[in-house]
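A.B. asks: What follows is each chain in one-letter form.
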Amino acid sequence: MRNISELGRSPLVLTLPAFSIMLVVFGVPMILLLLSSMNAPVFSFSNYEAFFSRPANIKVLIQTIEISLVSTVLCLLLGYPTAYLITSASKQLCAMLITFVMISYLTSFLARTYAWILILGDRGLINNALIELGLISAPLQLIYNRAAVYVGIVHMMLPIMVLPLISVMMGIDKSLLAAARSMGARPGAAFWRVFVPLSLPGVRSGCVLVFVLCLGFYVTPAALGGLGDAMLSTFIAAQVKASLNLGPTAASSFILLAIALVVIFLIGVDLSGSPKALSEPQRVGRGGGMSASVLPRWSFREMTVPYRRWRWLAERYKASGRDNRLKYFGMFFLIGVMFFLLFPGFVVIATSFSPGKFLEFPPSSLSLQWYASFFGNPSWYDAMMTSIEIGLVVAALSTLAGTLAAYGISRFGSGVRSALTMAVLTPITFPVIVVGIGIYLGLVKLGLIGTKTGIMLAHSIGAIGYVVVIVSATLANFDRRLEDAAKSMRANPLQTFVRVTLPLIRPGIVGGAVFAFLHSFDEVVITSLIGGLSIRTLPLKMWENMRHQLDPTIAAVASLLMLLPILWIILLYAMWWRSRELARFV
Amino acid sequence: MIHGATIAGDPRSQGDTVSKLSAPPQIEFRNVIKMYGGVAAVKELSLIVCRGEFLTILGPSGSGKTTALMLLAGFISPTKGDILVGGKSVASVPSYRRDQGIVFQSYALFPHLSVRRNLEFPLEMRGVKAAERADRVANLLARVHLDNFGDRLPSQLSGGQQQRVALARALIADPPVLLLDEPLGALDRNLREQMQSEIKTLHKEFGITTVCVTHDQEEALTLSDRIIVMRGGAIEQIDTPEGLYDRPKSLFVANFLGEANLLNGVIPLPNDATPTGMLSIIRPERIRLAVPHAPTLADAHQRQQANGVVTEVIYAGALRKYNVQVGNNVLVMREHVASDQQVFRPGDQVRLDWLRSDVRLVATETNNGVE
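One line per chain: the protein sequences are L and V, in this order.
For the first sequence, the working numbering begins at 1 and goes up steadily by one.
For the second sequence, the working numbering begins at 1 and goes up steadily by one.
Bound-form chain L, shown alone (with noise of 0.2 Å):
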């Protein structure tokens, strides 16, 4: 009996639900996969002979590799002085520089796709000001090539990469720059000894995040590149519709897996985020490919970490002379990435006011009648409440299973405690197209293929991970002696919970939620796997439209879409200058 009640006060009780909801969907799943790959219970492999046997194969394999790669390269290049000049900039402008790459980042993944299918089309933007302007007579072909592949996938990874480097950057005390100059260091040279090593961690986190995110990217090679740009989860997608044979799916997916794994070990990268490494934020991904980490780690940890403590070295080391050419270069250059991180959603705005028929940018003149279309059109709005309806079962449900995980994840040793944050994290690691394959595996076991209650699962499985992230970085904040505090004056563990740590992780628990809501809003890629024909979720509806036809409605949903994360953010500040107060006080 003693036995027993040492389990129900074990933290491992905690962890319960959300790790039962994990195997049973997802961790089970996976390994069946993993078997059927190799072809239990024969066990042969037969399924990867054939995968490497054929050249298209490894083609498709190679570029993805390469277009990850270049990515990853072109993300650091822009990212790194991105980085550098926002923590180097003055407070308030830091501050705002932030909240733009943030909204950039939150903006649903398949708005900003569509945005590019504006700029870069036959009919957009770019060619549509040449023509006027006299230049050309026909449109460029800019879009359904490589290097649209590119722009879009820099778009979409750009903050990924910039913010686990604001993160470690903010760390930095800058007064080590100015002990160098101090002793003889010439600005370059302090910049390269002491600065950019003590940088490579937010590197490292961020190009890891990069890369995987890309191995598995789907939406937005498909959309901006042409047929020769296919990336391996194109294929696996196509290979698993077409066929009831899940084998050769099975082993292209580990294919792509093991890619993953092998850079995630290398690199070596801290998945569990224990609050000791506060430097190296976690992995975290998002629906068909846009992640993130640091968000939550951001936010609740740097943000509310006074550094006001370096910043007037910081201040004394900027005026100590630097270049005024340079800092104009370095203005201009922040501008300009603001400008290609934020611009595409002004296009679809603007877009989604437009009179015509066809798109028209800058529209002349205003109407709301795509607005009009997409209330009025039942499919369109059925979408939408199906969508509503799934968030927020989805938000109930990782909210309260990730919110008990993270609590009991919290109690164990640091060990256990990285252990079990890595797998949580598993699902929003991984590439997005193999865990899908994963979770379509486990709802056809259990027979939900096609049904609300399936999809509510699979969205779950990525949620918990985001809840458990943002919940963890404010438990990290947390500390543990109120809770002995309340428990010297009489409070037994449950009013302990209700009256002292729960009001004090509120702000994790209702930022995991949002995150929750939004990771299921913008969830296509499992979604389209999963939803069979019956269920169409808004992401599905867009998704649909923007390869079919480009409607101005999407672009009025795209630009409702956009108002998700600008709600979040407002949230997110208000919750955050009302535990300023509190948090000064630790």
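Treat each hint with caution, since some may be false.
[Unchecked claim] Here are a few chain L residues that face chain V, going by a calculated C-beta distance under 8 Å:
#, residue
1, Glu49
2, Asn477
3, Asp484
4, Ala485
5, Lys487
6, Arg490
7, Ala491
8, Gln495
[As the list claims (entries may be wrong)] A few chain L residues that face chain V, going by a derived Cβ cut-off under 8 Å, partial list only:
#, residue
9, Asp479
10, Leu482
11, Ser488
12, Val500
13, Leu504
[To be verified] Sample of chain L residues lacking proximity to chain V, with all beta carbon distances greater than 12 Å (derived):
#, residue
14, Leu176
15, Ser414
16, Lys452
It is worth saying that the hints were derived from the structure and are not from the lab.
As the structure is a prediction and not an experimental result, all values here were calculated from the model.
Where is the CB? At the ideal position from N, CA and C, for every residue including glycine.
Following the hints, complete the assembly by docking chain V onto the known chain L.
C.D. replies: This is chain V only, laid out in the frame that chain L set:
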């Protein structure tokens, strides 16, 4: 072998303490052992704290003093042995069923609750009615001079004010036992002195049995009825502040509370020979400095003397510290600065003398409290 039961002490300095120590025991540790892994953080700890007593556990980090307090608070339970509070075993009672007030090192004020709500918390948990809660809060706030601060958040208070709120919160439910964990560690020096006297006043007013853990010797000497010096998980010595300072049992205690000069080798007089395994020590302020050929004093036969050379002089406001080389030893001494005093400089020849009765014999090494 219960340390608390034997009170060594100078009768002149005890007064109050003696009456307290005749009070019934409030807290008792009986052969308490706490193991972490294979390591004992607390070894066979036995002690008695009497009702109304202020007992301080003093020791360097890793001495087991915090573990002892955590055991008493109920945040951890002993591997072996028993802990009694008010005569009842509490070893297996979780902290939230114990009746005690704790002041935490960083105060652990609830940042989301106002001062008033913080103070009400322990009362609410004990089911006290709202009207009475308001009365008690008002009363306590007045006693810690925070009458107008009830509606503030902890973050809007200064360090000293937070400290007072923490004390008030620990005392408000009238618990029989008050535990203080490095209560003044977070305050700066001036504030610390002020708070020391406030804690002393509150302790007197409430008459509450108090156990305090600290590594600050001044805090311990000022506040306590008795002090326990811990080392390596065991009690090194337990005594009144005067007793501990004046009659340290070991070199460790002598050095942990104040400074001690080793006299072995300084005075090779036959009748002053130190027994083997023991050391002769003297406190710096008990040494007198004079010019080498100053006239001998009337009590010369009660004194020992030695000649040396001043190597360093440190002026520290109220005190002047001298380092004097005597043979192979360097003796440290302190003199209160006075206007009619002779000031020496490095290189000066000096004569040192001290009362024979001020010399103490201490053990080189103790057997870690197990007598």
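A.B. asks: Hints first: check each against the structure and report whether it holds.
C.D. replies: How the hints compare with the structure:
Taken as an interface hint, L:Glu49 does not check out: its beta carbon lies about 51 Å from the nearest beta carbon of chain V, beyond 8 Å. Given hint, L:Asn477 at the interface with chain V, is violated; its Cβ is 11 Å from that chain's nearest Cβ, farther than 8 Å. The closest approach between the C-beta of L:Asp484 and any C-beta of chain V is roughly 6 Å, which is under the 8 Å cut-off, so the hint is satisfied. The closest approach between the C-beta of L:Ala485 and any C-beta of chain V is roughly 4 Å, which is under the 8 Å cut-off, so the hint is satisfied.
The beta carbon of L:Lys487 is positioned within 8 Å of a beta carbon in chain V (closest approach about 4 Å), and the interface hint is therefore held. This hint holds: L:Arg490 has a C-beta 4 Å from the nearest C-beta of chain V, less than the 8 Å allowed. A cut of 8 Å between beta carbons decides the hint on L:Ala491: the least distance to chain V is about 5 Å, and the hint holds. Because the smallest distance between the Cβ of L:Gln495 and any Cβ of chain V comes to about 7 Å, under 8 Å, the interface hint for this residue holds.
For L:Asp479, the interface hint holds, the least distance from its beta-carbon to any beta-carbon of chain V being 7 Å, beneath 8 Å. Among the interface hints, the one on L:Leu482 holds; its C-beta lies about 5 Å from the nearest C-beta in chain V, closer than the 8 Å criterion. Because the smallest distance between the Cβ of L:Ser488 and any Cβ of chain V comes to about 4 Å, under 8 Å, the interface hint for this residue holds. With 8 Å as the threshold, the beta carbon of L:Val500 comes within range of chain V, its nearest partner Cβ sitting at about 6 Å, so the hint holds.
Because the smallest distance between the Cβ of L:Leu504 and any Cβ of chain V comes to about 6 Å, under 8 Å, the interface hint for this residue holds. Look at L:Leu176: its CB is around 28 Å from the nearest CB on chain V, clear of 12 Å, so calling it non-interface holds up. Remark: the non-interface label on L:Ser414 is consistent with the geometry, its nearest Cβ contact in chain V lying 16 Å away (cut-off 12 Å). The claim that L:Lys452 lies off the interface holds: its Cβ sits roughly 38 Å from the closest Cβ of chain V, which is beyond the 12 Å cut-off.
Against the hints set out earlier in the document, violations occur for numbers 1 and 2.
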